[in-house]
Amino acid sequence: MPLLEIVDLHVEVEGKRVLRGVNLHIEPGEVHILLGPNGSGKTTLINAIIGSPKVKVVEGKIIFKGRDITDAPMDERVKMGLGVAFQHPPKIRGVKLRDLLQKIASKFNRDVDVEKLASVVKMEEYLSRDVNVGFSGGELKRSEVLQLLVQSPDLALLDEPDSGVDVENLTVIANAINELCELNLKPSRRRKSAIMVTHLGYILNYVKADRAHVILNGRIACSGNPNEILKQIMEHGFERCVQCLQERELRR
Amino acid sequence: MPSGERAKKIESLKDRARRAFEKPPSIGPDVDISSFKFEAEKPKDWLTDELVERAEMVGIDLSEKTRAGTYVQLDHYAFLEKVSAGGLEVMSISRALEQYEWLVDYYWRAVEVDTDKFTALAELKKAEGYFIRAKRGAKIPFPVQACLYLKTPKIAQNVHNIIIVEEGAELHVITGCTTPRAAEGLHVGVSEFYVKRGGTLTFTMIHGWTEGIDVRPRTGVILEDEASFVNIYVNLNPVKTYQAMPKVYLNGREAKANLTSIVAASSQSYFDVGGAAYLRGEGSRAEVISRSIAKDQATVVARGVVVGEVNGVKGHLECRGMMLSPTASILAIPQLEAKARDVDLSHEAAVGKIAEEEIYYLMSRGFDEDEATSIIIRGFMDVDVKGLPPLLEAQIKKALDITAKSL
Chain A
1 MPLLEIVDLH VEVEGKRVLR GVNLHIEPGE VHILLGPNGS GKTTLINAII GSPKVKVVEG
61 KIIFKGRDIT DAPMDERVKM GLGVAFQHPP KIRGVKLRDL LQKIASKFNR DVDVEKLASV
121 VKMEEYLSRD VNVGFSGGEL KRSEVLQLLV QSPDLALLDE PDSGVDVENL TVIANAINEL
181 CELNLKPSRR RKSAIMVTHL GYILNYVKAD RAHVILNGRI ACSGNPNEIL KQIMEHGFER
241 CVQCLQEREL RR
Chain B
253 MPSGERAKKI ESLKDRARRA FEKPPSIGPD VDISSFKFEA EKPKDWLTDE LVERAEMVGI
313 DLSEKTRAGT YVQLDHYAFL EKVSAGGLEV MSISRALEQY EWLVDYYWRA VEVDTDKFTA
373 LAELKKAEGY FIRAKRGAKI PFPVQACLYL KTPKIAQNVH NIIIVEEGAE LHVITGCTTP
433 RAAEGLHVGV SEFYVKRGGT LTFTMIHGWT EGIDVRPRTG VILEDEASFV NIYVNLNPVK
493 TYQAMPKVYL NGREAKANLT SIVAASSQSY FDVGGAAYLR GEGSRAEVIS RSIAKDQATV
553 VARGVVVGEV NGVKGHLECR GMMLSPTASI LAIPQLEAKA RDVDLSHEAA VGKIAEEEIY
613 YLMSRGFDED EATSIIIRGF MDVDVKGLPP LLEAQIKKAL DITAKSL
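Residue numbers (this note's numbering), protein chains in the order written: chain A, 1 to 252; chain B, 253 to 659.
What the hints contain is simulated information worked out from the structure, not anything from laboratory work.
Hints may contain errors.
[Unchecked claim] Pulled a few chain A residues facing chain B out of the computed Cβ check, cut under 7 Å:
| id | residue |
| --- | --- |
| 1 | Val78 |
| 2 | Val84 |
| 3 | Arg93 |
| 4 | Leu127 |
Quick reminder that beta carbons are idealized off the backbone N, C-alpha and C, glycines included.
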C-alpha cells in the first residue's frame with residue numbers, strides 16, 4: 001500500500017486556483033523533492049496535505065495510509081503520522097521550547113530525551129526560550145526539524161528547510177533530516193518518508209532523495225532522478241528543463 | 253514621635269476618615285457599603301476542610317513546611333500567627349500596635365486614610381490585618397504566608413496590613429485571599445509596605461474569590477535607597493468587582509520596582525487592575541507589566557502609571573490583553589508622566605484575539621483546537637519575573653495553570 005496517494009488535486013488559496021490537478025505517489029521509506037519557481041504551488045501542496053485552513057481543496061483526493069484524509073482536520077492527520085516543518089512558523093510567546101517538545105512527546109507517546117534530540121540540531125541552549133521568539137532564520141529551521149524529531153512522523157513535510165540557512169546550519173539540518181527519514185539505514189529497512197520543498201537544492205548534497213518533482217503552474221510537470229533534474233534546472237532554468245525532459249520521455 | 257503626639261495623630265486620622273466615609277473611589281465602580289455588616293462573630297472552628305482546600309488553592313501551605321512564617325485570619329479574627337525563622341516577626345496588626353508604640357509612625361503613611369470610603373472604612377471599622385517585619389540584615393529565604401479568609405456572608409472585611417523590611421533585609425511574602433465557594437461580601441485590604449535602604453521585598457498575591465465579592469485593595473509602598481520591590485498579582489476565579497492600583501513611591505536612590513498583574517476575567521467579573529510607580533529617587537527604575545484575558549461578559553480595565561519626577565530615572569509599561577469572547581471588553585490605559593527633563597519612560601500595549609496562525613501551528617503538532625488554545629493562553633500569562641525564590645515561582649506557575657484550565 002502506498003503511504004501517500006494524491007489524485008488529481010485542485011486547490012484554491014484565497015479564491016485563486018493554485019494547484020491544477022496534482023498526482024503524487026509515495027511509498028514508505030521514500031524521500032521526494034519538490035522543485036519549482038516561486039509561486040508554482042509547492043507550499044500550497046504541503047499545506048493541502050497537512051490540512052491547513054489557509055488552503056481549500058476543490059477537487060481530487062488525498063489518501064494517507066489507505067484512508068481518504070481530504071477533509072480530515074489537521075490534528076487528526078498529524079495523529080495519523082503526518083508532520084510538517086513550516087517555512088515561516090509563528091512565535092508562541094510564553095511557551096518554552098522545552099515544554100512544547102515535552103507536550104509533543106507525550107502526545108505521541110514518545111519516550112525521548114528532549115535534550116539529546118536538541119543536541120542533534122544544536123538547539124540545547126534554546127530549550128528555555130519562548131518558541132520561535134527572536135530566533136534567526138537558521139534557528140527557526142532547526143527548531144522546526146527538532147519538533148519533528150520529537151514527533152517522528154511517518155511522512156514529514158519539509159517546506160524549504162534550507163532557505164536562508166548558511167553552510168554550517170545546512171549540514172546540521174541535513175543531518176537531522178537524515179535521522180528523521182532513517183536515511184542512515186539500508187534502503188530496505190527505511191520506513192520513514194518525506195516530501196521536501198527546496199528552492200536551490202543545495203541540501204541535496206547532504207540528503208539523498210529518491211525522486212524529484214518539478215511543479216510548474218500548479219501541476220507536476222515532470223518527475224525523475226533528483227540530481228539529474230537539478231542539473232538541468234541549474235543549466236537551463238525551469239521551463240527549459242521541463243521541455244527537455246518531456247522530449248526525452250517522448251523519445252523513449 | 254512622643255506618645256502625646258501619637259495619640260493626637262490617631263485622633264486626627266479618625267477625624268479624616270470620618271469625613272471621607274462617603275467619598276466614592278476616584279476610579280472603578282462605587283460600592284454601597286450600607287448593605288454590609290461590620291460585625292462578625294468569632295467562629296469556633298476555623299480549620300475546616302473547605303478552608304484548607306481553598307487556602308491551598310491560593311498558595312497557602314497549612315503544613316507550613318516550606319514557609320518561614322504564617323498568618324491566618326478568618327473574617328475579623330487572627331487564628332494563626334507563627335514564625336519559624338530568626339529576624340522575622342509575624343503577628344496581627346492589633347497585637348503589633350499594642351507591642352510597638354512606634355508602629356503608629358508607619359500607620360497611614362504610605363496610603364492616605366481619606367483616599368476614599370474604603371480607606372475610611374479600614375480605619376473606622378477595622379477588622380484586623382497582619383504585621384510582618386524582617387529585621388535589619390535578616391535574609392529570610394522561605395516565604396512568609398498570610399491567608400485572609402472571608403467566611404460569614406454579607407460582611408465587610410476591612411483589614412489593615414503593614415510590612416516593614418529593615419535595612420539590608422530580604423523578605424518574600426505570599427498572600428492568599430479567598431472565601432468559601434458560595435460567598436458574598438466586601439473585602440477591603442489596606443496594605444502599607446516599607447522597604448528600607450538595601451532591603452528586598454517580593455509580594456505575591458493570589459486571589460480566589462467568588463462572583464459575590466467586591467474587592468478593594470488599597471496599597472502604598474515606600475522604597476528607600478537601593479530598595480527593591482516586586483509585586484505580583486494573580487487571580488484565579490471570577491469576582492463581582494475588583495479595583496486595585498498599588499502605588500509605589502521610589503523615594504530612594506537606585507530603588508527598583510516591578511509591578512506585575514495577571515488577570516483572567518470570566519463570567520460577569522469586573523476587574524480594574526493596575527499599578528503606579530513614582531520615580532522620585534535618582535537612578536530609580538520601575539516596570540509595570542500587565543496581562544489581561546477577558547472572557548464571557550467580563551470587563552478588564554488595565555491601568556499603568558509611571559511618573560518620572562527626577563533626572564536619570566527609567567520606567568516601562570507593558571500591557572497585553574487577550575480577548576476570548578465578543579461580549580467581553582478590555583480597556584488598556586497606559587500613562588506616562590515626565591516631570592523632569594532627563595527621564596526615560598516608555599510603554600507598549602497590545603490588545604487582540606488569539607492569533608489563528610498560532611492555533612493552527614499547534615494543531616499541526618497534533619494538538620486539538622482546545623489544547624492549542626489553552627497552551628497559547630497559558631503562554632500568554634507567563635511573565636518572567638526576576639528575583640523570586642524558586643518555591644514562589646512554582647507556586648505562581650501552579651496558580652496560572654489553575655487559571656488557564658478554568659478558561
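So, going through the hints one by one against the coordinates:
1. Of the supplied interface hints, the one on Val78 (chain A) holds, with its beta-carbon coming within about 4 Å of a beta-carbon of chain B, less than 7 Å.
2. Hint status for Val84 (chain A) relative to chain B: holds, with the closest Cβ pair at about 5 Å, below 7 Å.
3. Because the closest C-beta pair between Arg93 (chain A) and chain B is about 6 Å apart, less than 7 Å, the hint holds.
4. Interface hint at Leu127 (chain A): violated, since its Cβ lies 15 Å from the closest Cβ of chain B, which is beyond the 7 Å cut-off.
The earlier numbered hint that this structure contradicts is number 4, and it is the only one.
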